[in-house]
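Student: Since the structure of chain A is provided, determine the placement of chain B on it from the hints.
Going down the list, the sequences are from chains A and B. Here the first sequence is numbered in this note's numbering, starting from 270 and rising by one per residue. Here the second sequence is numbered in this note's numbering, starting from 270 and rising by one per residue.
A hint or two may mislead.
Because identical chains cannot be distinguished in the list, a pair is counted as satisfied if it fits within a single copy or across any two copies.
Said to hold, decoys possible - List of simulated lysine-lysine pairs, DSSO-like, C-alpha gap at most 27 Å:
#	residue 1	residue 2
1	K297	K354
2	K395	K280
3	K605	K497
4	K395	K441
5	K597	K644
6	K441	K280
7	K587	K644
8	K280	K297
9	K504	K312
10	K497	K582
11	K587	K497
12	K297	K441
13	K354	K301
14	K301	K348
15	K313	K326
The set of hints was computed from the structure by calculation and includes no laboratory data.
Number of protein chains: 2
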Amino acid sequence: MNDFIFHNPGKVYFGRNQIENLPNELLKFGKKVLLVYGGGSIKKNGLYDTVTELIHKNGMELFELSGVEPNPRHTTANKGAEICKKEKIDVILAVGGGSTIDCAKGVAAAAVTYDGDVWPLVSGGKWITEALPIIAVLTNAATGSEMDAWAVISNMDTNEKIGLGGSALIPKVAFENPEYSYTLPTYQTACGAFDIFNHVLDNYYLAGDATFDMILDMQEAVMRAVVKWAPIAMKEPENYEARANLMWASSMALNTVLDAGTVHGCACHAMEHELSAYYDITHGHGLAIITPRWLTYILNDETAPAIYRLGVKVFGIKEGLSDKEGAKGAIDALSKFCFETLGLKSTLTELGINDEHFKSMAEHACTGSVITGPKDLTPEDVENIYRMCL
Amino acid sequence: MNDFIFHNPGKVYFGRNQIENLPNELLKFGKKVLLVYGGGSIKKNGLYDTVTELIHKNGMELFELSGVEPNPRHTTANKGAEICKKEKIDVILAVGGGSTIDCAKGVAAAAVTYDGDVWPLVSGGKWITEALPIIAVLTNAATGSEMDAWAVISNMDTNEKIGLGGSALIPKVAFENPEYSYTLPTYQTACGAFDIFNHVLDNYYLAGDATFDMILDMQEAVMRAVVKWAPIAMKEPENYEARANLMWASSMALNTVLDAGTVHGCACHAMEHELSAYYDITHGHGLAIITPRWLTYILNDETAPAIYRLGVKVFGIKEGLSDKEGAKGAIDALSKFCFETLGLKSTLTELGINDEHFKSMAEHACTGSVITGPKDLTPEDVENIYRMCL
Numbered sequence: 270m271n272d273f274i275f276h277n278p279g280k281v282y283f284g285r286n287q288i289e290n291l292p293n294e295l296l297k298f299g300k301k302v303l304l305v306y307g308g309g310s311i312k313k314n315g316l317y318d319t320v321t322e323l324i325h326k327n328g329m330e331l332f333e334l335s336g337v338e339p340n341p342r343h344t345t346a347n348k349g350a351e352i353c354k355k356e357k358i359d360v361i362l363a364v365g366g367g368s369t370i371d372c373a374k375g376v377a378a379a380a381v382t383y384d385g386d387v388w389p390l391v392s393g394g395k396w397i398t399e400a401l402p403i404i405a406v407l408t409n410a411a412t413g414s415e416m417d418a419w420a421v422i423s424n425m426d427t428n429e430k431i432g433l434g435g436s437a438l439i440p441k442v443a444f445e446n447p448e449y450s451y452t453l454p455t456y457q458t459a460c461g462a463f464d465i466f467n468h469v470l471d472n473y474y475l476a477g478d479a480t481f482d483m484i485l486d487m488q489e490a491v492m493r494a495v496v497k498w499a500p501i502a503m504k505e506p507e508n509y510e511a512r513a514n515l516m517w518a519s520s521m522a523l524n525t526v527l528d529a530g531t532v533h534g535c536a537c538h539a540m541e542h543e544l545s546a547y548y549d550i551t552h553g554h555g556l557a558i559i560t561p562r563w564l565t566y567i568l569n570d571e572t573a574p575a576i577y578r579l580g581v582k583v584f585g586i587k588e589g590l591s592d593k594e595g596a597k598g599a600i601d602a603l604s605k606f607c608f609e610t611l612g613l614k615s616t617l618t619e620l621g622i623n624d625e626h627f628k629s630m631a632e633h634a635c636t637g638s639v640i641t642g643p644k645d646l647t648p649e650d651v652e653n654i655y656r657m658c659l
Numbered sequence: 270m271n272d273f274i275f276h277n278p279g280k281v282y283f284g285r286n287q288i289e290n291l292p293n294e295l296l297k298f299g300k301k302v303l304l305v306y307g308g309g310s311i312k313k314n315g316l317y318d319t320v321t322e323l324i325h326k327n328g329m330e331l332f333e334l335s336g337v338e339p340n341p342r343h344t345t346a347n348k349g350a351e352i353c354k355k356e357k358i359d360v361i362l363a364v365g366g367g368s369t370i371d372c373a374k375g376v377a378a379a380a381v382t383y384d385g386d387v388w389p390l391v392s393g394g395k396w397i398t399e400a401l402p403i404i405a406v407l408t409n410a411a412t413g414s415e416m417d418a419w420a421v422i423s424n425m426d427t428n429e430k431i432g433l434g435g436s437a438l439i440p441k442v443a444f445e446n447p448e449y450s451y452t453l454p455t456y457q458t459a460c461g462a463f464d465i466f467n468h469v470l471d472n473y474y475l476a477g478d479a480t481f482d483m484i485l486d487m488q489e490a491v492m493r494a495v496v497k498w499a500p501i502a503m504k505e506p507e508n509y510e511a512r513a514n515l516m517w518a519s520s521m522a523l524n525t526v527l528d529a530g531t532v533h534g535c536a537c538h539a540m541e542h543e544l545s546a547y548y549d550i551t552h553g554h555g556l557a558i559i560t561p562r563w564l565t566y567i568l569n570d571e572t573a574p575a576i577y578r579l580g581v582k583v584f585g586i587k588e589g590l591s592d593k594e595g596a597k598g599a600i601d602a603l604s605k606f607c608f609e610t611l612g613l614k615s616t617l618t619e620l621g622i623n624d625e626h627f628k629s630m631a632e633h634a635c636t637g638s639v640i641t642g643p644k645d646l647t648p649e650d651v652e653n654i655y656r657m658c659l
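So that you can see chain A by itself, here it is in the shape it has in the complex (with noise of 0.2 Å):
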């Protein structure tokens, strides 16, 4: 077993009559606040009118960044920075998705810079411990940013998506309402279902040194809640429970809850960020093409009772096959679930991307070495499943 730091500060506000906590979070840092969202559908819901209103209601003042793409640019995470610095802005209060929430996060560490620009920062890979802080209102159960230290910030020029991390980007504090969410369209709720689902499949236990089982049981759970509620929203969009389920289980699968003891991988991550780096797609569709395909690739004597442990706990197949059928079984229905349950398109082809770049892609996924795993992937592999995905 790993040792480990578990340390998550971030304050979650959960459930239906909590926003009339958003004034007096947002005073405990000052009264000038930048309100980060993305393409106006916060307009739309009322979220909008709702906020600003409180804003203005509590004598605060508000400057605004919207526009925020669904794979958030440095571009625009550079405007807002500007916008902070010359503003002297206190807070930066995010209201959207993980995109929205994550250029904020891109803002508030570059608004802290000399030169108020956020790509050094990405691209150097320095661990943020200084920047502005921020306040996030979710609408969107999928990428954890509502709880985590990171955010995924796109360089369109360079074809680069990359992660930034730190102990300064943890929101100070999230407003969950599952309600935010009713709005969301179904090919964005199964997305953002398969990106939970992944996020903690990525750390689950397939090979390697063993964790705490009880940690173990606990993914099953966040990923059965998943398996289960990700349906449920899609048919009934204002299901509160659904929509509440997948909520939480965002914000489980990166809040360091589950990953006490275990050995940190992001292998499905980092040949994804690749496909939308290039091709601009949304995120929890390329990994559910490429999550059943990297099981198949990675599928061995030493990863197959895992593999097939996934299979019963997760999505209830039945107990006593041998290891490699199990695990068979398991690919099987995880497959069963992204293409049929979810909905999703199940190849590259079918969202118009083909070989052209695949090389060039995985070697920047493996950033000129390996990606970490059960598995260690070389760039011959990445490229082997990016084939498998056509």
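Tutor: Then chain B, alone, in the frame of chain A:
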């Protein structure tokens, strides 16, 4: 599903090689350290030397409060507060089990009051938002105090044992090295294990509003870990995996991860605190005697399915029985765990307790009205349950 707030800023260093981080964490608060510990077992196992050497080597000034009792007294906490006020202590370092950490919390809270007396804070039920910072080095998996906002302080003059709570009482940092619990006597290991188990069970869904099923699953995961690893730790005191699982289960049971959306209950804890207040028995043992009787007492059509589920998921009893039969099987399995596996005496009579004080204990446990829970308990109910324990 209930709204909830999740916030646990406590940092945990878990594992074999973490204590070297202690000086840096202490120095964040200052150089004057009050070391709080119990009866001297930390002198026998070398932890006292390790810790004091680290403090001296790093230029800090050390003061001591030793001799903390198993059920820590308000008078001891007051002694500590006096040292803090006189010596202008910056940070309190608790090295020991739950009692030591609880006492340190009492010291921390009293030290910032005008008269340095903890009892008015305890009896007044004040939520503590100001206190000296606490750092804990844990030696016993049991109370969860290392990562929660609570302390239990006893006043032997008035036979009262009452909780003191507050956000300021969460240890800023806890060091959890499973090896520090290797020297724990078998009986303490058993009592600690059942304390953990009951912390989870007291919040487990037995009736009333449903919660996230993923939280139920996680609660079961922690209870299963206790059931699996406690007997191993008792037989093999130096089994790292066993000690690690119990230690992390202790923290997980009360760090509020398992509370999300649940109805908070503390029926068994409320009943047991009276026992240890009157008779100074070991808390976990009292809980083990009470819990199966409590479950038997509250067993009805509404609670039976959940009690049966507990039996299936945690103790592996067979499925397919009627709810009532299954629930009885679950309670039998729990009793077997307490009185055979953990080897604890099964009646209050065997601990030398008779019904002399049951009436006043029951009234005090209900603080005048009822203990809320899956079935609300009146003083008469509590007295009945105590009688079942004879």
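Student: Failing hints, ascending?
Tutor: As far as the earlier hints go, not one is violated by this structure.
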